[in-house]
Structure formats: structure tokens, C-alpha cells
Amino acid sequence: MAALSSSSRGAASGGTRQNSSTLDRPIVLRPRLEVSLSAFAFLFSEIVQYAQARSMSISDIEQQLYTQGTGIGHKLLELQCLREKQGKGEGKRQNRLIGILTFISSDVWKGLFGKAADSLEKSNEDEDEYMIHEAEPVTNQFVSVPQSMGNLNCAAFIAGIIAGILQSADFPCEVSALLTRPDDGGTRDRTVYLIKFSPEVMDREERLEKKG
Amino acid sequence: MTFLQLFIINRSGGLIYNQDLSPAAPRLDTNDWLRMGSTFHSLHAIAAQIAPIVTSGIEKIETDTLKLQSFQTRTGIKFVITAEAGSPFDLDDVLHSVYEAYADLVLKNPFYELEQPISCQLFTDQINRICAAQMGGSKASRGAGYSMY
Numbered sequence: 001m002a003a004l005s006s007s008s009r010g011a012a013s014g015g016t017r018q019n020s021s022t023l024d025r026p027i028v029l030r031p032r033l034e035v036s037l038s039a040f041a042f043l044f045s046e047i048v049q050y051a052q053a054r055s056m057s058i059s060d061i062e063q064q065l066y067t068q069g070t071g072i073g074h075k076l077l078e079l080q081c082l083r084e085k086q087g088k089g090e091g092k093r094q095n096r097l098i099g100i101l102t103f104i105s106s107d108v109w110k111g112l113f114g115k116a117a118d119s120l121e122k123s124n125e126d127e128d129e130y131m132i133h134e135a136e137p138v139t140n141q142f143v144s145v146p147q148s149m150g151n152l153n154c155a156a157f158i159a160g161i162i163a164g165i166l167q168s169a170d171f172p173c174e175v176s177a178l179l180t181r182p183d184d185g186g187t188r189d190r191t192v193y194l195i196k197f198s199p200e201v202m203d204r205e206e207r208l209e210k211k212g
Numbered sequence: 001m002t003f004l005q006l007f008i009i010n011r012s013g014g015l016i017y018n019q020d021l022s023p024a025a026p027r028l029d030t031n032d033w034l035r036m037g038s039t040f041h042s043l044h045a046i047a048a049q050i051a052p053i054v055t056s057g058i059e060k061i062e063t064d065t066l067k068l069q070s071f072q073t074r075t076g077i078k079f080v081i082t083a084e085a086g087s088p089f090d091l092d093d094v095l096h097s098v099y100e101a102y103a104d105l106v107l108k109n110p111f112y113e114l115e116q117p118i119s120c121q122l123f124t125d126q127i128n129r130i131c132a133a134q135m136g137g138s139k140a141s142r143g144a145g146y147s148m149y
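From first to last, the protein sequence lines are chains A and B.
Residues 1 to 212 in the working numbering are what the first sequence lists, from first letter to last.
Residues 1 to 149 in the working numbering are what the second sequence lists, from first letter to last.
No lab work stands behind these hints: they were computed from the structure.
Check before you lean on any hint, since a few could be wrong.
With the C-beta cut set under 8 angstroms, the calculated list includes, among others, these residues of chain B facing chain A [said to hold, decoys possible]:
(1) D104
(2) L105
(3) N109
(4) P110
(5) F111
(6) S119
(7) C120
(8) R129
Where is the CB? At the ideal position from N, CA and C, for every residue including glycine.
Here chain B stands alone, though its shape is the one from the complex (with noise of 0.2 angstroms):
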């Protein structure tokens, strides 16, 4: 039960940043992983205009083998994470974290340009950290039966 993968979308969908967070990650060429970044943004617009309730967009898709979650800042850059179907994780916590690494990490770096892909070691690192800590608390609270940490 483990994360597959982080997409960063930025605000005129395209992909700036995607991680694999597991072995159990698909393996794909940088092309696909620049499809799939792209239609999601599609998708999430989309989604907001045929909704029938005042949406922001695609918050969370949850399937069989899957669960997708994604966050959308009021800047427009959208936070996407899957996981397999089954983790015991707070998505929603996760993206959180993300989002705070990514303001903290990204946008302090003098050499990191707005809306292009990232490329900055100390947030990859930050990333695999917070994902260490989620599987590391999750496997604690197995035996209480997946209580709040």
C-alpha cells in the first residue's frame, strides 16, 4: 500500500514536475507523464464547468486499484498525487505538506524560473522525506487499526 507518483501541474497545464514515489510506480516515457499532466488539467476544467453542484474542479477519484487526490492552489498550479487503492494515508495531508515544501523550497530558489519544470535537490529530498514519514507512521499504526497520526 504504497504512493505511486507526484504531479506538479502549472497554471497553463503543463507538467513541471512529476516523481515517482515507489518501486510500484509505473514506468513510463516523459512524453506520456506530459500527456497525462495535460489531460488532467483538461479533465479538472471540464469537470468544473459540467458539474452539477459550484465546483473548483476534480477533487479526488477513487477506484479499484487507484486513488487520486488533487489540490488546486489559488494560483492556478494543481498538486496531484496517486496511491494505491487501500493506503491508509491523508492524501489531503500529503499535498499539504507538498504545497509548503513547494513554497518553501521552489519559490525561495533564485534559480528556479516561474512555471518551468522543477529541477531544485532540496525539494526531491523534502518530497521522499515526507513520504518516509507517512509510510513510517502508517506501518505504527497498523496494529491500532489505522488511527490518527
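Only chain A is shown next, with the shape it has when bound in the complex (with noise of 0.2 angstroms):
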């Protein structure tokens, strides 16, 4: 922690010159930079397209975008606990389910697409489900998918972002994204994020809830 605070004070001291890479720049960017929808959207088209080229079936290509979500969504917690709190990361460790997934549905949102999701729900059905909602992922924003490809949702990108946080925070789980048809008759598509977790996540949340 503070190697990193000096490094960034040494690039903010040395003069008026403009940082000569992305490594040298300060972790916590300060205002917040933000980054081009359409730069993203063409960049997660080919996404799109690398995994449609290495899959044989439409859970395939999910599958894929999953893993590659997962990929980030493990560097994702560190940055992101990092930023918080102005970047002291002094901001709390989260052992509770209730803490980790209010954490994701509204810091983690909004460290990525500047809002907070839209709710974060527990099944009726079952204990161990989860499920945030989220109206017009950024993923599926400019995608159509054609009747050949059913129900593919390119939101199994994002669902591998929160998998991918939740494992590094030693809550095991697994996340999909599911399209359900909105109740107050609007044209899209609503997406939802499914998160179960494992049982051994049930058991320690029961443990904890006994000790108070």
C-alpha cells in the first residue's frame, strides 16, 4: 500500500508532462475516466465472434463469454476493493452473502457501467438462489440475436464477470443469465442473473448467522 501511494505521488510530481503509459498512471484515476460505449461494443462484437468461431453449439459460445467474464471478474475484486473508499481500500472485507451481493449490485455496477443494478432478489423457491436483475445489459445493447441462435444471451459475459468476483471472495457459486419477458409489457427482454452458491457457502452463512 505504500509503495503504491508514493509511486503516485512521484508521477503527479513530476512536473506537468503527460504520463507516458498506462503504467505509470496513477491505479486510482481521479476523476474517473471513462471509456468510449462504441470502443467496448465493437470490442465485445468480436468477442462475440471468437467465441461463435470455437463453438459447435449456442451453450458453447455461452460458455465461453462465461469463462472469459470469469477471467475478469477475479482481477475485478481486487481493483475494485482497491478504488474503494478513495482509493485507501479501507473499505470492509465482506464474509456475509447479504454484504458480497449488495457489494456487486451496487459498487462493482457501478465501478463498470455507472449505475447500480437494477435489483438484487432472493428465490422463494430456494435457499441457496440469488438473482439480480438488470434491464438492458450493456452487452445486449446492440446485439439482435437471429431466430437461428434461440435464446442466446450475450449477457453470460457479465454473469462470468460476477462469478468470477464471488469465487475470489471465497463465495464458490455458479451464475447464469436469463432472459425473462418484462411485466410491464415493454418490447425487451429483462435480464436476469441466477447466482447459486454451493452448499458449503450455506453452511458457513448458517454458522455465522448462529454466532450473531
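Two chains, two frames, a set of hints: combine them into the complex.
Written as C-alpha cells, this is what we have:
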């Protein structure tokens, strides 16, 4: 932590010259830089085509996107925690289910997409299932899935990111991105990320609950 | 006073998209529309050659019954829209909105191959929305005598 902050001070005091490369810039950017949505959309379009070229079926494509997202999620947890509380990384480590899920649906979402997720719900049928709702994931915004692709959901990429974060935070789980018909008669399908935790997570929750 | 048809013609003159924009649009066979597309492409190219001024091709055709406007992008794609004569719409505006929708919803779609026929649901929905907005706008301004909107 000390090494990081001294290097960022060093870069800042290095005069008025532009930082030469991404590696020289402080890791906590003030003000927060934004990436162009179009740039992301084109890059994501290539990612999907890459996955499509290497897959035999629709679930294969979703699996490829999921795996790519998982890799991102593992690294994102570190970065997001570091950037919390103005870069001092003094945020609390979440070891409860609700805590980590709220962290993801508000902080991580804001860091990635600029706004919190629409809602976080616990499933009524199963104890170990939770759902994050999102009306229009940025991955699906420009994608029209042809009829031949059935119900491919490119938000599998974001589901992978969620899974990567949860797995790095020691909450083994499976996340899937599903499409649901909108309740209020809107035209676009809403996306629901269904998070299913492993039994050991539920056991641990129970123990922590009893301890109070 | 409605829109009639929208065509999009690719670089080699093939029709990659065509849509009826209102019930008043003529009902033709797919092959007929393909022929229309390539005919327009050739006329556009010929006009650029024989025009007395330096020009890139046909921009507007106005007749007693029809208004046609065409917009050619720097990549050679032509957006052509037709409307009934006397329509108050700014066809130029509409074509630019369609171009924007094309750049967003077609080119960023991973399932679309360049120069192939367009079949993106989002794109079709957006075109309908653009036309509906134009029609709605013109109805509101009719009382004011076609003011700017």
C-alpha cells in the first residue's frame, strides 16, 4: 500500500508532462475516466464472434463468454476493493452473503456501468439462489440475436464477471444469465442473473448467523 | 402524407435492406425490390459521370407523386427513402437518423456480416420509431404551418 501511494505521488510530482504509458498512471484515477461505449461495443462484438468461431453450439458460445468474464471478475474484485474509499482500500471485507451481493449489485456495477443494478432478490423456492435484475445489460444493447441462435444471451459475459468476483471472494457459486419477459409490457427482454451458491457457502452462512 | 419505402444498398449495388414504412407503400415482389436497388445504384453512378457539375450522384428526385432522397456514405453505402409528395418531413434528417441506427445496431451486432442482407430486429424497431416520431412531430406542427421541429 505504501509503495503504491508513493509511486502515485511520484507520478503526480513529475511535472506537467503527460504520463507516458498506462503503467505510469496512478491506479486510482481522479476524476474517473470513462471508456467510450462504442469502443466497448465493437470489442465485445469481436469477442462474441471469436467465441462463435470456436463453438459447436449455443451453450458453448455462452460458456466461452462466461469463461472470459470469470477471468475478468477475479481481477476486478482486487481493483474494486482498492478503489473503494478514495483509493485507500479501507473498505470492509465482505464475508456475509448479503454483504457481498450488495457490494456487487451497487459498487461493482457503478464502477463498471456507471449505475447500480436494478434490483437484488432472494429466490422464494431455493435457499441458495439469489437474483440480480438488469433491464438492459450493456452487452446486449446493440446485439440482435437471429432466430437461428435461439435464446443466446450475451450477458453470459457479465454473469461470468459476477461469478469471478464471488469465487475470488470465497463464495463458490454458479451464475447464469436468463432472459425474462418484461412485466410492464416493454418490448425488450429483461436479463436476470441467477446466482446459485454451493452448499459450503450456505453452511458457513448458517454458522455465522448462529454466532450472531 | 406518409413515408413509403426505405432501401439500403451496399457498395456493389445489391439491396441489403428494404422496409415498407406505411400501409401506403407499394406491394412488390422481393425480386422487384432487388431490381429497384441495383437500378438505382447504376443510375446514381451514371448521374455522377454525366452531370454538368461536380457531384457524387443523385441526391433527390421530386415528382408530382413522389419524393425520393438518397444519402451516400463515405463507405459507398446508399440510404434511400421515398415519401409521398407534399410530405412535410425532413428526409435528410430521417436518413441521418437511419445512418446512426445502422452504425449502432447493425455494425455493432456480432451476428451481422458486412455487405450481407440486414436482419436485425433492433434496427427494424428503431426505424419504426424514427418514422413514428417524424409523423408525430409533423401532426403537432400542422397547426403551426410546418414550423421547425
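Could you check the structure against the hints above and give me the numbers of any it violates, in ascending order? Hint check: 8 fails alone, others pass.
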